[in-house]
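A.B. asks: Protein chains in written order, with the numbering used here: chain U, 565 to 932; chain X, 565 to 932; chain Y, 565 to 932; chain Z, 565 to 932.
Read the hints as simulated data drawn from the structure, not as lab findings.
One should not assume that every hint holds.
[To be verified] The following label-pair restraints were derived from C-beta to C-beta distances:
1. Z/L750 with Y/R899: 42 to 50 Å
2. U/E654 with Z/E881: 40 to 48 Å
3. Z/A675 with U/T624: 43 to 51 Å
4. X/N883 with Y/V671: 55 to 63 Å
5. Y/N883 with Z/E881: 41 to 49 Å
6. U/Q623 with Z/N830: 27 to 35 Å
7. Z/P643 with U/V647: 16 to 24 Å
8. Z/K771 with Y/M763: 51 to 59 Å
9. Y/R748 with Z/P643: 29 to 37 Å
10. Y/Q623 with Z/K897: 33 to 41 Å
11. Z/A675 with U/V656: 17 to 25 Å
12. Z/A747 with X/N730: 35 to 43 Å
13. Y/R899 with X/S673: 53 to 61 Å
Remember, predicted model here, so these are calculated numbers, not experimental data.
Ideal Cβ placement from N, Cα and C applies to all residues, glycine included.
4 protein chains.
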Amino acid sequence: MKLEQSLYVYLFIWMEKMPGNTFGKLFRITTWGESHGKGVGVVIDGCPPKIPLDEGSIQTMINRRRPGTSVASTARREPDQAVIMSGVFEGVTTGTPIMIMVHNKDVDSKAYEPYANLFRPGHGDISYFAKYGVRDWRGGGRASARETVARVAAGAVAKAFLAKQNIEIVSYTVELGGIRAEARDLNLINNNMFCSPDMDAAQEMEKRVVEVKKMGDSIGGIVEILARDVPPGWGEPVFDKIDADLAKALMSIGAVKGVEIGAGFNAAGKLGSENNDAITPQGFLSNHAGGILAGISNGDDIVVRVAVKPIPSIRIEQNTIDTSKRPATISTKGRHDVSAIPRINVVCEAMVSLVLADHLLRQTAIQP
Amino acid sequence: MKLEQSLYVYLFIWMEKMPGNTFGKLFRITTWGESHGKGVGVVIDGCPPKIPLDEGSIQTMINRRRPGTSVASTARREPDQAVIMSGVFEGVTTGTPIMIMVHNKDVDSKAYEPYANLFRPGHGDISYFAKYGVRDWRGGGRASARETVARVAAGAVAKAFLAKQNIEIVSYTVELGGIRAEARDLNLINNNMFCSPDMDAAQEMEKRVVEVKKMGDSIGGIVEILARDVPPGWGEPVFDKIDADLAKALMSIGAVKGVEIGAGFNAAGKLGSENNDAITPQGFLSNHAGGILAGISNGDDIVVRVAVKPIPSIRIEQNTIDTSKRPATISTKGRHDVSAIPRINVVCEAMVSLVLADHLLRQTAIQP
Amino acid sequence: MKLEQSLYVYLFIWMEKMPGNTFGKLFRITTWGESHGKGVGVVIDGCPPKIPLDEGSIQTMINRRRPGTSVASTARREPDQAVIMSGVFEGVTTGTPIMIMVHNKDVDSKAYEPYANLFRPGHGDISYFAKYGVRDWRGGGRASARETVARVAAGAVAKAFLAKQNIEIVSYTVELGGIRAEARDLNLINNNMFCSPDMDAAQEMEKRVVEVKKMGDSIGGIVEILARDVPPGWGEPVFDKIDADLAKALMSIGAVKGVEIGAGFNAAGKLGSENNDAITPQGFLSNHAGGILAGISNGDDIVVRVAVKPIPSIRIEQNTIDTSKRPATISTKGRHDVSAIPRINVVCEAMVSLVLADHLLRQTAIQP
Amino acid sequence: MKLEQSLYVYLFIWMEKMPGNTFGKLFRITTWGESHGKGVGVVIDGCPPKIPLDEGSIQTMINRRRPGTSVASTARREPDQAVIMSGVFEGVTTGTPIMIMVHNKDVDSKAYEPYANLFRPGHGDISYFAKYGVRDWRGGGRASARETVARVAAGAVAKAFLAKQNIEIVSYTVELGGIRAEARDLNLINNNMFCSPDMDAAQEMEKRVVEVKKMGDSIGGIVEILARDVPPGWGEPVFDKIDADLAKALMSIGAVKGVEIGAGFNAAGKLGSENNDAITPQGFLSNHAGGILAGISNGDDIVVRVAVKPIPSIRIEQNTIDTSKRPATISTKGRHDVSAIPRINVVCEAMVSLVLADHLLRQTAIQP
């Protein structure tokens, strides 16, 4: 479609929205808030009662997405403080909705004023404007990655719930700016600023990030998420398969452009005899399936990977248009990360945790 | 997780299922039926009234997934006849639920008897048994690819609805058994048995298929789906993004192990300045975004690719176990395809059509 | 609103529908079919595996809504034969969708031709036409009470599931044509043609029905539904309370105009000291609450009543308009019941069973 | 069921909850918060963009449910201050989630300490404990009527949206403590403290309230809600009928025990020839249908009535048990209303507004 025609549509037919801010069927979250509004938050409905929960554990997970933990991210101070507003009494969940919120501080809308009428290439501001006919130019509004704070807060609750079932979820960087981690030593992922399971790769990644930063450009990469000790039998045929729900959960994160399970796109090039995981009384001999067969967990590790695109806001000048459709150029000067990785890792981990918590509830109903 | 432990779980804790056979919010389908039961079908709820619809157009699309159209698929005669049971009066939809069904014929359960107690590597029978504690060994039961007939029937209705908006959806094979289509000449996709947009590649694909068939093995590949003339503004932030819904829709197809949008996994290795699509008054200069920004359509072509794993049922002998957990070997002798491609292509096309029909309804509500 | 204006809207703005043919969250049904189409049916998604199920038990319940069982209903032969199309293997449910259908036979669309262009007072044909802009004049189309066959089939499955939990649901007529049943002897409800728990009332009801039939008029009444041995704790605050879901389930039946729980509208005139049910270690001393407190079952009998309006199709001449908005009169000559009672009773019972089956699944998830 | 058995269940099988705190399909609200927690609030997802909205209009509606407006309600100062946290920019909605919250102030948990281990007859504390196995004794927790503040805040947004369509919703008291309003002069409802459309009745109501207050008892009544100028065609067959959704919405309010549409329970005693609304080119000659035929609006006024039970907390001593199942007596000394009316009226009005806003969105999708 010609953009001209699109903009015509933008201006003359502003359209309705229908709600898409809820995720999950039984462990169910609804998020709210925009980048430069009063805050962001989440209502978690369906968390079982009697799960120990305090603000500290939520805060720990939120801190993992704060900026400044690596050279890849901006130095902006963003002291996100999680507050539990409801659903917890005397240190445990009560079964009623849990609302967790974070006030927005350190908000500087003025920095966005130069771009108030410019669409940023690679950004959602042009498609949001097409959708709503309203423009909240302050820091990306609801399209800002800031909405993921709410996902992480909810993910922390899901992780607490899964931990009671001895299910563990970890995430780590397997590619950044073209540098691949060959090793998978998960003990190392907290020992380097990029959460790489390969220290050699981590050093190369750092060099690459510094180099790209100087260029005023940005990079993407690949994050892998692993869930251990998920029992067999989770996932609902035929549409709510556990891999289908993981795909949706992860693809719904702004910067993600691809999701694969187990062997993923590599499976496309294999023979059946190579790709099938042979079965023995002691278990599967390989895990090309990524722990999922026909959309149902098979008891093996669940392995998912996501492709993260480079951050669209860059210092390098780019061609664009303004809201009146006139040609323009843009060069983003604000505080922007060089890469969404590693801040995005904990968001991926949160989304996987939410899918698993939901399917745990969907599967564990037993007849009395 | 050790399989031993899993099987323990299988036998002593049989678990409940919760419903996952419905897809879509407003254009909403619910499918039913298993491989060797009386039939398969779908209820479509939410199709607007006054859409012209007859059994012929549904039949045409269902015929595209029948076997025997290429050397890659079995020669089984499977005369799938679609019947509209409700929701259409005097040639148009009435707004009430449309039920379309196909009776199962040419069903030969006896062929499955040798495997009645064997789990097939790469198949869902082991995970289904873990889930339900019930084993429908006849041809895969609900886990069989036969359930996709219902998806295609529903997809035909979605396509008819989208056609009224001048939206067109096509699918084609861009990789098969390691052979890549370099060209993208969509005029060619009906001129070769693999639906390849590259005739040279199609010839190589045929050779590869014949070769693998002789080996008693199977292959996978990559299918690309393209949607033209989708208006900007479709998709619901933040979880029901249009790419998130596409990812779920496609990953829910049995053989799919990966989904990517636009540049997809390649975006992970690019610089921001390369990956961003520059904007001009005449439109975007490139389409790395695959027509979707921040989960909302931007007016450009929507481009999605899926990784299809090789068919797990192969003649080559494989290690497995039986339902009593004893080691065994299996070699599948029945009528099986060498590749899910190209029969799966129309299923992918159907799922994309269903997502778009749903988001068309979600977006077009205008205030009176 | 002036009807004139309404009809204008009818003709110039035909509107979209969105799907409302699904009921339940976890024990979930989707119905399809219209009065004079090929058949009616239901997909039940979420029924747990291993529930014994055969066509006989479904047929028994469907037979209870067939005409000709009392003087209140037409003598039309309507040999509804239930067929299970999927989801059952070797006599038990498999956990996959159960589709049950009934073909339409004994359909005589010609009888409706005289009214093809007339709106019938008290009927939904005028509001359906406003909604869809399409008129299926054959026997009421989707608005016909015939759609309730599908509810009853699904209700039979729900009852089979609840019976395993020793939960029993019964329905009976407590008022008909102004005649009230004073007694509540539930042993009698199968001993008289109106399902009255009071034999004296049953005799009066019969006289009243015969009298009204002669007049060419129709009558309504009140049905009570009782659920025994529902455990305490079912129902989801704050919107999916069990009484809220019962109210929706029952009000969704065509002829129902009111729903009340326990003391119901009588509670409005009582003092708190009268209406509260005192609690003792042995249980509640009364049951004005109808077994539900704050939307959650309290372990006592659940008691619900519905107001059933008189059948709108009557022989007596009534003023109306045709589809061109011209004044007309109508007198319905076809085979019509004098009262929806007692055929509606089993429909009410089915809807209550469906709500309880859904909340059983919602409540019984226990942490592993 | 014997309560003894129930309590056994309470103590040994504490059960999971599944989420029920969301209402609506397209205009969708999720509420959170408990009586003595940090606050209560609501996320509204699906409100179209460009609706003018400020805190003032929400505050006005919230003020209508504050105590102290009539002799029927306690004098507790409860300065509920609504704050819009997201979804509004430059005075209009943006299409993104609107979160509105009210902090809890004037909370005095100490007043509830004497009853910390006692179940209150007529209250939900015993059924909540059965459900969750957790007891939040402070002022009723989530079961408190305080949760309705969130409903009213959301209802104010729905009303603002409906007002743009010229749809008006009013509520008024038609019965209180056995005193019936015979007249229906809606101009009077703001002229008396009980929102009665009949001034004579209002005076009798006041006498009755004062009398009952002295007795330490409480009373119930009936509220009628009227929606004017709803276009024909709203409501989704067959389960999401507009009357079915109204029934659920209203029955989900804590004190409501019955819901009826139009003639309601009176229709049960009428002849068809009396109850049918004759149709003329100028419109319907009567409105026994309450504006709804076959679950779809017919363009006439929508009329709904709800039965409100007497407040369960009374000064008069009542028999009960404690959490250890020992017999006890209770006499509630705290600040309690004599009747939920008239504070509940605005809650009913809010719920009706939310149903209508949802069905407006469900119906107004027009094909492009």
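A.B. asks: Could you check the hint for me, namely that Z/K771 and Y/M763 are 51 to 59 Å apart, CB to CB?
C.D. replies: Hint violated: Cβ distance 45 Å, outside 51 to 59 Å.
A.B. asks: Starting from the range 33 to 41 Å, see whether the pair Y/Q623 and Z/K897 falls in it by beta-carbon distance.
C.D. replies: 59 Å, violated
A.B. asks: Mind checking the hinted window 42 to 50 Å against the Cβ distance between Z/L750 and Y/R899?
C.D. replies: At roughly 44 Å between Cβ atoms, Y/R899 and Z/L750 fall inside 42 to 50 Å, so the hint holds.
A.B. asks: Lying within 41 to 49 Å: is that true of the beta-carbon distance Y/N883 to Z/E881?
C.D. replies: Between Y/N883 and Z/E881, where Cβ atoms are some 59 Å apart, the hint is violated.
A.B. asks: Given the hint of 53 to 61 Å, check if Y/R899 and X/S673 actually sit that far apart at their C-beta atoms.
C.D. replies: Given about 44 Å between the Cβ atoms, the range is violated.
A.B. asks: Against the range 55 to 63 Å, how does the distance between the Cβ atoms of X/N883 and Y/V671 compare: consistent or not?
C.D. replies: 58 Å, holds
A.B. asks: Is it true that the C-beta distance of Z/A675 to U/T624 lies inside 43 to 51 Å, as the hint says?
C.D. replies: 37 Å, violated
A.B. asks: Does the Cβ-Cβ separation between Z/A675 and U/V656 fall within 17 to 25 Å?
C.D. replies: 24 Å, holds
A.B. asks: Given the range 35 to 43 Å, decide if the beta-carbon distance of Z/A747 to X/N730 lies inside it.
C.D. replies: 58 Å, violated
A.B. asks: Between the beta carbons of Y/R748 and Z/P643, is the distance compatible with 29 to 37 Å?
C.D. replies: 50 Å, violated
A.B. asks: Could you say whether the range 40 to 48 Å given as a hint is met by the Cβ separation of U/E654 and Z/E881?
C.D. replies: 30 Å, violated
A.B. asks: Within 27 to 35 Å or not, the Cβ separation of U/Q623 and Z/N830?
C.D. replies: 59 Å, violated
When each numbered hint is compared with the structure, violations occur for hints 2, 3, 5, 6, 8, 9, 10, 12, 13.
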